[in-house]
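J.: Chain residues, written in single-letter form:
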Amino acid sequence: MLSVTDLQKTYPSGDEALKGVSLDVTGNETVSMIGPSGAGKSTFIRCVNRLTEPTGGSVELDGLEITGLSGGKLRDARRDMGMIFQEYNLIERLTVMENVLSGRLGYVSTWDAFRRKFAGDDIARAYEVLDRVGLEGHENNRADELSGGQRQRVGIARAILQRPKILLVDEPTSSLDPETSRAVMDLLTEIAAEDDIPVLINIHEVDLAVEYADRVVGLRDGQKVFEGDPEELDETAKGQIYRGEEIPEGAGPTGKVVAADTPGEAATEEGDLRST
Amino acid sequence: MATEQQPRREWSRPTAFYNHYVKWAVYVAIAVFLLWSAWNMRISLDRIVTGWGAAVGLIQGMVPPEITTEFKNDLLIEGLLESVAMSVIATIIGVILSIPVAFMAAENIAPKPVYWTGRGIITGSRALHELIIAIIAVKAVGIGALAGVIALSYKTIGFFAKLLAEEIEDIDSGQMEATEATGANRLQTMLFGVVPQVMPRIVGLSIYRWDINIRHSTIVGIVGAGGIGGTLLNSFDQYDYDFFLTIILAIIAIVMVGELISTYVRGRIQ
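Read top to bottom, the protein sequences are chains A and B.
If you count the first sequence from 1, you need to add 2 to reach this note's numbering.
If you count the second sequence from 1, you need to add 271 to reach this note's numbering.
Honestly, the hints are just simulated from the structure, not real lab data.
Be aware that a few hints might be false.
One side only, chain A facing chain B, incomplete, derived with CB under 10 Å [claimed, not checked]:
no., residue
1, L53
2, M85
3, L96
4, V110
5, T112
6, A115
7, I125
8, Y129
9, G157
10, K167
If you want a taste of the chain A side facing chain B, the calculated C-beta under 8 Å gives, among others [claimed, not checked]:
no., residue
11, N51
12, E55
13, G65
14, R80
15, F87
16, I93
17, S104
18, L107
19, F116
20, K119
21, G122
22, R134
23, E138
24, H140
Simulated restraints, written as ranges between beta carbons of each label pair [as the list claims (entries may be wrong)]:
no., chain 1, residue 1, chain 2, residue 2, range
25, A, G70, B, T388, 27 to 35 Å
26, A, S15, B, W295, 39 to 47 Å
27, B, T388, A, E138, 31 to 39 Å
28, B, N379, A, G74, 18 to 26 Å
29, A, D146, B, N379, 17 to 25 Å
30, A, K119, B, R457, 17 to 25 Å
31, A, G74, B, T388, 53 to 61 Å
32, A, G70, B, P384, 50 to 58 Å
33, A, D236, B, P382, 29 to 37 Å
34, A, G70, B, V359, 49 to 57 Å
35, A, Y13, B, T388, 26 to 34 Å
36, B, G391, A, F116, 46 to 54 Å
Because the structure is a prediction, the values reported are computed rather than measured.
Note that beta-carbon positions come from the ideal geometry of N, C-alpha and C, so glycine has one too.
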């Protein structure tokens, strides 16, 4: 279980990317984090495994406080968090197999890493994982020979070879076409169910977020402005997240908000325009 | 007609200097400096004319190159082999020493104090010409190829580490981050996230530096640091211009062969 409390990040330039965001991700649920560019989605995910150093708040994974860790302890914690990137971030000049096996780097000695030598069990499992993501027979291809969708599958395979306790997924579909995006999202939710791990996904395609997520979180200007079931994400909520519209009276930052009149009017106007 | 005619607007290219007066002042200063330099060196037409005769005499003394004396040929081959061997060993040693220095001197992966140390080593290596290093090395370890190898290895560090460090600074940091995110330690992150990205450059630069080291190995012998350079200087001192030309031609041939190999190998790894 990932439990984030009041996470803050202020960059040295003074930009406040996160102004105290709290979020729990448990069980094997898929949580989609949506929001406009610059809302702090990526910063949030990167603060969880501390690729970016948060300036305040706490991150706990299965009861272990991540924010205070350093050196070997932080590396051990990172082994439990699989990360998947927008630009895949594969090691382009290495083979698919080496890329997948790099998910085990936290468990091998530096000398073995130098010789690119991994345990037999890891290799056997890497084959299994490659089959699972649909890349059987590609183990000897160089990563830069693959298509975008295939590369993202390698990225996913690398992350699951870590046997993580959570998957952190940063804009997995932004560089992919709609069809491939769906395939990747299918795969991610499948893994969450089969491996019984939670998945936290940053995504800016609202349709995909609603379709695949068990829960949707909306960020705006470094603040959580929405949290709820995908069905609850109505026009009002989207208005809050993407256009910063006023939160109507009686609605908190989480849960369904009472229908406001502005979006309704906009919809009517649209309808009128269409009918003319 | 319009009563209010716009005044015609002039345009001239903005100058890189503050204004046009500064620009002309700089040009004049450069011209004055050039004239002063020429005057200072006392380059006179007279000197060029008399020098010309001597130069023609020298060249005439050189042709045809001498290839008939057996012991001179042995000297030539021995010197050339020593030069090539020096260049190979110096390149290998230099590259092995350079790689850690390059990682130290890459701003994106090294902490500041390490970075400045790395840069310092590179500057130290680049500041002095190989002949100066060779003179010092000859004093330290005595006349012979070892001194040459030291001088060339030392110079290799400055060249190789500087260019490799620049390459490391240009890598895609995403690959490094992804490796870090798996829980890899710093060295493992370098091995997976950085080294594969710069590997072609390492091979290319090694071959390129070997090519340069072949050329330089022919010169350090002049100060006694082994290789063909010593033989070259001796032949010149003994007015043996025929043999001198033979050596020069042999050096050109070797350097050309090195350059061909270098071009071929670097073409293959791109």
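J.: Does each hint fit the structure? Answer for all of them.
T.: Structure-based check of all given hints:
1. L53: Since chain B brings a Cβ to about 6 Å from L53 (chain A), closer than 10 Å, the hint holds.
2. M85: 4 Å, holds
3. L96: 5 Å, holds
4. V110: At 8 Å from the nearest chain B Cβ, V110 (chain A) passes the 10 Å test, so the hint holds.
5. T112: 5 Å, holds
6. A115: At 4 Å from the nearest chain B Cβ, A115 (chain A) passes the 10 Å test, so the hint holds.
7. I125: This hint is violated: I125 (chain A) lies away from chain B, its Cβ roughly 16 Å from the closest one there, beyond 10 Å.
8. Y129: 19 Å, violated
9. G157: Constraint on G157 (chain A) satisfied, holds at 8 Å.
10. K167: This hint is violated: K167 (chain A) lies away from chain B, its Cβ roughly 12 Å from the closest one there, beyond 10 Å.
11. N51: 6 Å, holds
12. E55: At about 13 Å, which exceeds the 8 Å cut-off, the nearest Cβ of chain B leaves the hint on E55 (chain A) violated.
13. G65: Hint violated; G65 (chain A) Cβ to chain B Cβ min 18 Å, cut 8 Å.
14. R80: Given a least distance of 4 Å, the restraint on R80 (chain A) holds.
15. F87: Status holds, d = 6 Å.
16. I93: 5 Å, holds
17. S104: This interface hint holds because 5 Å falls under the 8 Å limit.
18. L107: 4 Å, holds
19. F116: 6 Å, holds
20. K119: 12 Å, violated
21. G122: Check failed: Cβ of G122 (chain A) comes no nearer than 19 Å to chain B, outside 8 Å.
22. R134: 18 Å, violated
23. E138: At 23 Å from the nearest chain B Cβ, E138 (chain A) fails the 8 Å test, so the hint is violated.
24. H140: 18 Å, violated
25. A:G70 / B:T388: 27 to 35 Å: About 30 Å separates the Cβ atoms of G70 (chain A) and T388 (chain B), which means 27 to 35 Å holds.
26. A:S15 / B:W295: 39 to 47 Å: 43 Å, holds
27. B:T388 / A:E138: 31 to 39 Å: 48 Å, violated
28. B:N379 / A:G74: 18 to 26 Å: Cβ of N379 (chain B) to Cβ of G74 (chain A): about 23 Å, so the range 18 to 26 Å holds.
29. A:D146 / B:N379: 17 to 25 Å: 21 Å, holds
30. A:K119 / B:R457: 17 to 25 Å: Given a distance of about 19 Å, which is inside 17 to 25 Å, the answer is holds.
31. A:G74 / B:T388: 53 to 61 Å: Check failed, 25 Å falls outside 53 to 61 Å.
32. A:G70 / B:P384: 50 to 58 Å: 25 Å, violated
33. A:D236 / B:P382: 29 to 37 Å: For P382 (chain B) against D236 (chain A), whose Cβ atoms are near 50 Å apart, the range 29 to 37 Å is violated.
34. A:G70 / B:V359: 49 to 57 Å: 52 Å Cβ-Cβ, so the 49 to 57 Å window holds.
35. A:Y13 / B:T388: 26 to 34 Å: Given about 28 Å between the Cβ atoms, the range holds.
36. B:G391 / A:F116: 46 to 54 Å: 27 Å, violated
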